[in-house]
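**Q** Position 558 of the sequence shown, counted from 1, bears residue number 558 in the working numbering, the numbering being contiguous throughout.
None of these hints come from the bench; they were simulated from the model. Please note that the accuracy of each hint is not assured.
What the hints assert, rightly or not - When the alpha-carbon atoms are kept at most 27 Å apart in a straight line, the in silico DSS-like pairs for lysine-lysine are as follows:
| no. | residue 1 | residue 2 |
| --- | --- | --- |
| 1 | Lys504 | Lys516 |
| 2 | Lys521 | Lys504 |
| 3 | Lys504 | Lys951 |
| 4 | Lys200 | Lys516 |
| 5 | Lys521 | Lys785 |
| 6 | Lys785 | Lys543 |
| 7 | Lys951 | Lys616 |
| 8 | Lys811 | Lys785 |
| 9 | Lys504 | Lys543 |
| 10 | Lys920 | Lys882 |
| 11 | Lys246 | Lys265 |
| 12 | Lys811 | Lys504 |
| 13 | Lys521 | Lys543 |
What the hints assert, rightly or not - What follows is a list of derived Cβ distance ranges for each label pair:
| no. | residue 1 | residue 2 | range |
| --- | --- | --- | --- |
| 14 | Gln816 | Ala747 | 23 to 31 Å |
| 15 | Gln613 | Glu519 | 52 to 60 Å |
| 16 | Gly887 | His571 | 22 to 30 Å |
| 17 | Ala199 | Gly548 | 46 to 54 Å |
| 18 | Pro290 | Glu263 | 23 to 31 Å |
| 19 | Pro161 | Gly950 | 54 to 62 Å |
| 20 | Glu519 | Gly548 | 28 to 36 Å |
| 21 | Gly190 | Glu519 | 45 to 53 Å |
| 22 | Val818 | Arg913 | 37 to 45 Å |
| 23 | Thr812 | Ala923 | 39 to 47 Å |
All residues carry an ideal CB built from backbone N, CA and C; glycine is no exception.
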Amino acid sequence: MMQRPDVAPDETAWGKSRGLDPRLPAYPLVRHLLDAAAVALFLWDCYLSDNQRLAIAEGFDEPDALDQARALTALCAGLHDIGKLSAFQFCDARGRGGLSDSLADDPGRIGVERLGHDIAGMEAAPAVLEALGFGATADVAIERIAEVLGGHHGRFHRFDPQRAHPSRQSHLGGATWARQREAHAAAVLGALDDPSPPAKFAAPAAVLVTGVVILADWLVSQEGYLRRWQRQLDPSLARHFETSLKDAETLVREAGLMSVDLERKGFAEAYGIAGGPNPLQRSIAEGLAPLCDGAGCGVRRAGILLVTAAPGDGKSEAALEAERVMSRAFGTRGFAFLLPTMATSDQMHSRIARILARQDGTEAGLTLTHSMAWLSSAYAAEGLTAGEPVLVCEGEDDATPAGKRAAEHLAAMRPSSWLFGAKRPLLAQYTVGTIDQALMAVLPVRHNALRLLALSGKTFIVDEAHAYDPYMQVLLGRLLNWLGRYGVPVILLSATLPASVGDKLIKEYLRGAGRKPSELKGRCFQAPYPGWLYVDACDGRSKQIEPGDQEAQAEERRMRLQVQIEPVVHHAEGGRRGRLSVIEQLLEPVFTDEGGCALVVCNTVAQAQETYQHLKGRFGEGGLTLSEHREGDGDLQLLHARFPGDVRERLTRAVTSGMGRGGSRPQRRVIVATQVVEQSLDLDADVVISDLAPLALLLQRAGRCWRHETWWVRHGYPGGRGRPAWAEAGPRLVVLDPIAGQGGVPAQWGEVYAEALLMETSSTLHERGTRAICIPEDVQDLVEKVHGDRGGRFDWSLPDTAAAWVAHVGKTAAQQGVGALLAIPRVGHVTRLNQLHHLEGEEDEWEASTRLGADSVRLLCVYAHPDGTVTLDAEGRRPLPKAAASGRMELSDVRAIMGRTIPVNAEWFSGERERHQPPKDWAEHTMLADLVVVHLPVHDCEAQSVAVGGKHFLLDEELGLVRS
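Turn these sequences into a full structure, and let the hints steer you where they fit.
**A** Next up, the structure:
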């Protein structure tokens, strides 16, 4: 029974002041607490998924009492700012001046210790709850509630029971302040009908509750909402709470967080594909439902699905078919579709937008989430402004800028402006983005609990699961471990995943779901190729594609890939065996009258630029139309990651539209590219020429060769023009092998790929001789031979090979070790919430990397003209934007600046960052302040190179960033 305090809440204690009408009193703290509790109740009812509600209820040891768990979640939201009844009240002159005499005259030892109100709330909560009747049986739960309150600004803190003792809280104010904390808490408890104290509050559930608290706080802290209340406060707190409950739906809906039920359409209509599903897709749609509907152990628990098939086999549609089944069975709302790169995410976002629009999902929230998402023309809207400022003490930034309007179906799918805000896109019902955004959930960064909340209510889809290094695989495994505990259905897609990696990821998920290591020992979870494997999280039982369906799928896309090994020499004296000479000879047929389409994949940007220039010089006089990068078209195109963002997006769009399944296929085109074309980009080439790469990546690159042949045979070739005569022998992958040509890996490749994997790949291909690779039959065996768990199969008698192998194993172990060190603990090992922020300083996204050795700074090349002006273009037509006198930058200006940036390695500027600082008036802008700015001098209307770190930099409109 709750014990009522003998005082009412003092409404001179304020909760919000900044940004509100200065002519009116600051917004009372008790009202803000009631608002947050009301919105938390609505979020429970209409935002959380079934599996999230169940996970929280189980965490309170109340799996059959969802209403109790609902009230306790709202209680945490309603108490989140209780720590503001402390020195916080004196941090604003207006608020301080409005305090009642009783509070002002009893400060205790306020001010003797600098303490954020989140920590103050954590330390005050136990005494408050115990005074209100939360007895000794709830001590553990009370401490957990205190941890949640301490974490509502995104970072959990260590709870110290001694500091939480009432006798040691004079630094939070005198006795009057303690009574007011109790009175404010009692108002919240009363509004929630006095929920009973929980006997338990497990850490995983507390993390989700913290996410709800943060989200509720952000929603009720919007400036417009507070200003409306500020003008018309109801004298009655009870009526205020009732009105807040009614307002909650509007707040959540305007934020774009209301879920929308799709009108599920048939396969062809949903995906815009003529005909029905292929055998793999059909097998999943029909075979998965009985497994999911029969899942159980008394409660509904999800499972993990691994889908393996060759590039172009429709794995994306297969995943979405699986999502239909799993979301319906397990009660998730929407999905997160994660990919390895920004370019593939942009392309997938457009596809998903069309799929949702076809199923009447235009009202659903769909976000694109990666660091540069707001630069994508497919996502941004002209004139879209930031959502309302969220008035939180930690300075939550305004929403990220956005740009011009794209196609109509994309415009219809754009999320509300609120979802454009920092750290919010993952909260949408549907989200597409890079895997990095999800992996942040298991790094010790601020608001990782909010990311876990956002991900745990959706079906979780990871494309290209093979594309991540050992460090990222550790992070992905850790995330799957947490999602397993929350009963999240997971779908992994891959064309070349080693069995050992897939097995580890599945076991991490199952361990999170509660399966003991002893249960999993000796078991091996391997999906057939092509095919799928589903493992139930409840009992660990597995089911895979039926043999007949597997064979049907193999027959559907069976292909004999001819692999042509060309020994090459990378130095200038290579003669006819020189790399460029060999490429030139191979492409000769493309530049005949018959033409054709070829893809040349290079291992480094510098070699791609060199190759492009060589082909330009060699074939330019033969009628070759060079790519105009401002338009993104031409017979010869260059695509890599070191173009400014706006140029790269145009180039990627032009490449995919011209060589995709439905594109207006050109008669002649050669694309010179780097690894950016390996994954998820929809390209079909008549021949693929590739530098030597690890075998799994060569197979990925080969997946761009004759990718749509089966489709075109059935439905007709674009323009009625078939393959050129020189390509009619079948799909061909040409591998430029420097190990065979010059006896080793070129020095200019650096550490792009492990030497051991390159040597093993070269050896494996030469062993095969002229035998074609049968796809899909040979794929998994080849992947295992080079990338699999080799155990004791390694031959130590070859010194050079042994040294390379030792280096590779050592690097792999080091990456895995760093991942294990940085990642938060497995879900079953968390006893204190501050373990989610176990490394000092690793608080924010820019301080914790999801990729080791990744490009880590953004470079902006600007042009310095003789008259002293600085512009974004060499022609001098786009002046470098400046901040207004208020210090603010126009959103269009920020977008223009960031659109010209390029991701590069921070080590290039080691010791020289001071020389390349952005303008001083950009110093306070979140995105612009950390740019590296290089000034390129302009003479006679042409940009000149500039020396940086012993190299020369030049941003060439045709070649991109040249570093020589």
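**Q** Does each hint hold? Answer for all of them.
**A** Here is how each hint holds up against the structure:
1. Lys504 x Lys516: holds (14 Å)
2. Lys521 x Lys504: Status holds; Cα separation ~11 Å.
3. Lys504 x Lys951: Violated, at roughly 43 Å.
4. Lys200 x Lys516: holds (22 Å)
5. Lys521 x Lys785: The given pair, whose Cα atoms are some 24 Å apart, holds under the 27 Å limit.
6. Lys785 x Lys543: holds (26 Å)
7. Lys951 x Lys616: holds (25 Å)
8. Lys811 x Lys785: holds (19 Å)
9. Lys504 x Lys543: holds (17 Å)
10. Lys920 x Lys882: holds (10 Å)
11. Lys246 x Lys265: violated (34 Å)
12. Lys811 x Lys504: holds (19 Å)
13. Lys521 x Lys543: Between Lys521 and Lys543 the Cα gap is close to 18 Å, so the pair holds against 27 Å.
14. Gln816 x Ala747: 23 to 31 Å: holds (27 Å)
15. Gln613 x Glu519: 52 to 60 Å: holds (59 Å)
16. Gly887 x His571: 22 to 30 Å: Roughly 54 Å apart at Cβ, these two residues miss the hinted range, so it is violated.
17. Ala199 x Gly548: 46 to 54 Å: holds (53 Å)
18. Pro290 x Glu263: 23 to 31 Å: holds (24 Å)
19. Pro161 x Gly950: 54 to 62 Å: holds (57 Å)
20. Glu519 x Gly548: 28 to 36 Å: holds (31 Å)
21. Gly190 x Glu519: 45 to 53 Å: At roughly 47 Å between Cβ atoms, Glu519 and Gly190 fall inside 45 to 53 Å, so the hint holds.
22. Val818 x Arg913: 37 to 45 Å: violated (24 Å)
23. Thr812 x Ala923: 39 to 47 Å: holds (41 Å)
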